[in-house]
Amino acid sequence: MKPTNINDPEYFHKVVDCQYACPAHTPVPEYIRLIAAQRYTEAYMINWESNVFPGVLGRTCDRPCEPACRRGRVEEEPVAICRLKRVAADNKGEVKSLMPQGPFTPNGKKIALIGGGPASLTVARDLAPLGYELHLYDEWKKGGGMMRTQIPAFRLPEEVLDEEVNYILDMGIHTHFNTYVESMKEILEKDYDVVFVGTGAPRGRALKLPGYEEAKANIQIGIEYLANVAFEHTDKIGEKVIVLGGGNTAMDCCRTSKRLGGKDVTVVVRSPRKDMKASPWEIEDAEREDIVILNNMPPKEFVVENGKLKGVIFGKVRAEYAENGKRTLIPTGEPDVFIEADDVIIAIGQDNAFPWIERDLGIEFGKWDIPVLDKTTFQSTLPKVFFGGDAAFGPENVITAVAHGHHAAISIDLFCNEKNLMDRPPPMTNLVSQKMGIHEWTYDNYIAIDPRYQVPHEDKSISLKDRKIEVELGFDEKVGFKEAQRCLNCDVQTVFETNLCIECDACTDVCPTDCITFTKNGEEEELRTRLNAPALNLSQDLYISDVLPTKRVMIKDEDVCLHCGLCAERCPTAAWDMKKYLYNTPKTYNFNETGSCCK
Amino acid sequence: MSYDKPKFHHPLLKKNKVGYIKTDYEGVISTLCAGCGHDSISGAIVQACYEISLEPHRLAKLSGIGCSSKTPTYFLSNSHGFNSVHGRMPSITTGANMANRDLIYLGVSGDGDTASIGMGQFVHAIRRNLNMVYIVMNNGCYGLTKGQDSATADFGSVSKAGSDNPYQAIDLAGLALELNATFVGRSFSGDKTQLVPMIKAAMAHPGFAFLDVISPCVTFNNNAGSTKSYSHVREHIESTSIFDFVPKEEEITIDYPEGESAELELFDGSKIQLSKLAPDWNPTDRFSAVNRLHASKARGQILTGLLYINTDSKDLHGKLNTVDKPLNKLTQEELCPGSEALEKVNASFR
Ligand SMILES: Cc1cc2nc3c(=O)[nH]c(=O)nc-3n(C[C@H](O)[C@H](O)[C@H](O)COP(=O)(O)OP(=O)(O)OC[C@H]3O[C@@H](n4cnc5c(N)ncnc54)[C@H](O)[C@@H]3O)c2cc1C
Ligand SMILES: Cc1ncc(C[n+]2csc(CCOP(=O)(O)OP(=O)(O)O)c2C)c(N)n1
Ligand code: SF4
Ligand code: SF4
Ligand code: SF4
Ligand SMILES: [Mg+2]
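Each protein sequence line maps, in turn, to chains S and A.
Mapped onto the numbering used here, the consecutive letters of the first sequence carry residue numbers 6 to 604.
Mapped onto the numbering used here, the consecutive letters of the second sequence carry residue numbers 15 to 364.
Just so you know, the hints here were simulated from the structure itself, not pulled from any lab data.
Be careful, since some hints might not be right.
[Said to hold, decoys possible] Derived DSS-like pairs: lysine-lysine, alpha-carbon spacing no greater than 27 Å straight-line:
id	chain 1	residue 1	chain 2	residue 2
1	S	K585	A	K21
2	S	K372	S	K389
3	S	K190	S	K424
4	S	K487	A	K21
5	S	K585	A	K19
6	S	K483	A	K28
7	A	K343	A	K328
8	A	K28	S	K525
9	A	K311	S	K556
10	S	K19	S	K380
11	S	K483	A	K311
12	S	K114	S	K147
13	S	K97	S	K483
14	A	K19	S	K487
15	S	K440	A	K19
16	S	K372	S	K190
17	A	K339	A	K328
18	S	K19	A	K19
19	S	K268	S	K241
20	A	K21	S	K19
21	S	K241	S	K190
22	S	K584	A	K343
23	A	K21	S	K584
24	S	K470	S	K147
25	S	K440	A	K21
Hey, can you work out the whole structure from these sequences and the hints?
What follows is the structure, encoded as structure tokens:
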């Protein structure tokens, strides 16, 4: 294998598993250390810079970072990264003065943002300080998009959302609320230099089984139901409720129903439990509220009696998987099951829909009515129109919408300056030794076995009474500190200097997880078989040195390195050093210059 | 500075036959200087004990004084241990071994601990063929007392302060051969491929197994001109053989070229498998070993590997014809058979 090029900004970035997995690449370990140091405001600002909605995401994020967390590879459960973000948000001090301060000198360019969700809001935040005049359109009376219309208040209190949406709107954004944009053509005819489409994936799928027409009055589409509840157009539901679907929307619908009068709330899923799309913690939270989840039961028919919905008939299936993993649901032959219901909520998926975009404007659409976009620039086939968030590639989540927003903002800024959209700014990186003296590091490098701490919940008898009572209470400062200490500081890199190594083996011997091997070089596949410990996780790189005097190379399997620094402590020549790697994705402007970032 | 090693280990570590992973054979975190060769030898001991599936309670580690003698703290935390007085490890081991022949005795010493103050004890342990493994972590200096030349420092070797050593060195392996030690090997802390099987073979050997392991002192004797530095040893090392230890009832997996290979069966049925690198050398012929040693030395080379083994070794218990049962387990009745038995003994002298 070739020696590792550690100057490639992506090499060490990949070692910071959580940050790498985060669509917005939030510098996770950096803010977790700040939380442990009770520097909540700074921790919040690091988040705010990357993910724009720390308070929202600290409660609702899909947390792709957590399955990636290194702790999960050496212990049962990953660090509660998401809930630590909330600790920063809950305990922060005044932050507004740390954000870019308007009024900003206008640069003469005007941008329309269609849709007021996280994607558009991120574009707005990234462009406002550069002097763009930003016009945000949304059909609802307030900004936030699905964060407001879909995510129930018992998971995300309105004040938290308002606060973070307002930080952006207060930067001088021109809002056009209660305005559904009927025609892209009309928007294009206005004097906007760029139009950004962040309208989400607003169409919930229906399920027109026999009996649907007659039972229609008591059948609702999940996302419409949730939006109606959020805006208080709906405030009750029948005692017996069936929710169809196994995703997070289904979980929000059933839990919402519990709070609006539903007594027997049943979620019926056609597939096996392990294939359910809902996050495991959402399923857990629903079951904790006595919601029954039934699997392997596809709905067959809405049963109507006296012109009114009576219930639903379900078949029974089992799943079979072909070698390529493709699943087929095969009827088991067991008798069908009838479940009584006063109301049925269908939560089986969402689609993109752009009825308001005329098809003769030069904006091309592909399969499933998804716009044809450049994956890097988010530019559509009409150069001045950009897409982001769920509108771009289909339904995802808030953090993905934010990440899209950052990319689109860069593209828009390049476009308005008539620059090549592919000339994208590089990430900001910084690699600094953490040595403070002999064997002293700036970070707490002792790693203890320490299982994940549980977030306390509000008592069910209280939280089920009112849909606005937040269920999760968040970590208090003490537990937050303990959870923060579980972080392995994956951003503090083990950096090897070949010409300093005297091949004494001290690092190999001391490494608690047998990461380091000195051996003859070879091809990766074969090399992985003869390291000191099995290196089976192919998603993790091997770090290879130049050739040493004994003709061997140093090979470090990054997989289960604890970043404990013992190799560097035991190395007599400082051939190993622990260096903190800060990686920040490019943004449209430098946060330090605008004074927003922590000093 | 870390005072404790994380309790984590690699999640895929395999258990050995007695159900332990390698980490179970470790000790507390070392306080020796970072990069000390002694730590690598500790690592090799851990590796060897894991590989032979040793039950930790079956081993006693004993040492004298010195950085080397501190190492038993850094391996086999679950074994018996005795950190004795400077140079007195052999006599303590002799006593322990006499009292309980059931344990495996691992003596750890330094070149100062052995070649100076402990010389008298060392030679008598050899002479008696005490059943033990005797490892000298040989760095050519007194590391613990800040690096004075030891009796194994080579003539002309340059100290850190810059002076040449005016004295001839004691070659401990040569001395052991001279005294008819039944197992003599030499190795280098930086060569675990050789050292680990050597330690395993030494543990299987029923008698005095001597290992002279060159182990650089990074702090006081790793300078240019020193003959015990990492770079000097690497440049001047040569080996009698490629060496492997095959425990009883295990398949021999290494294929050595015809004619060069030899197989030696040890007392307990385990085997030493080796492929000779040195011409005119035979591991069971003491004279050939002595000759090879001198020939290498004359060329300024350091000869490592198994130097000599006597496969008919009879240890001190054999020589004394003691009972099979460990003496410390003998009961009052067995030790004091009563006045009638005494009468008989006395009568036999009349
Ligand atoms: C029930 C449910 C729960 C969810 N829970 C989570 C969660 O816990 N965590 C998470 O990360 N994600 C969650 N999501 C997904 C997340 O809400 C979305 O992925 C995210 O909000 C997408 O952001 P966006 O900016 O692309 O668009 P959206 O948030 O969808 O915002 C688009 C906005 O544009 C408006 N709009 C659409 N068309 C027009 C038009 N023509 N004119 C004017 N306005 C228009 C829409 O009404 C909407 O307000 C959930 C989704 C659902 C359905
Ligand atoms: C009776 C006695 N004399 C002298 C000393 C001082 N002393 C401590 S360690 C040591 C030499 C150790 O050298 P070595 O055995 O080579 O061990 P190293 O530290 O080099 O591993 C001496 C002379 C002592 N502790 N006790
Ligand atoms: S920091 Fe060094 S010693 Fe610690 S686990 Fe990683 S490689 Fe091993
Ligand atoms: S401890 Fe340092 S000098 Fe020794 S082998 Fe490791 S990197 Fe090389
Ligand atoms: S002084 Fe020398 S022998 Fe002692 S611990 Fe340090 S390097 Fe090792
Ligand atoms: Mg010494």
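In ascending order, which of the hints set out earlier in this document are inconsistent with the structure?
-> Hint check: 6, 11, 21 and 22 fail, others pass.
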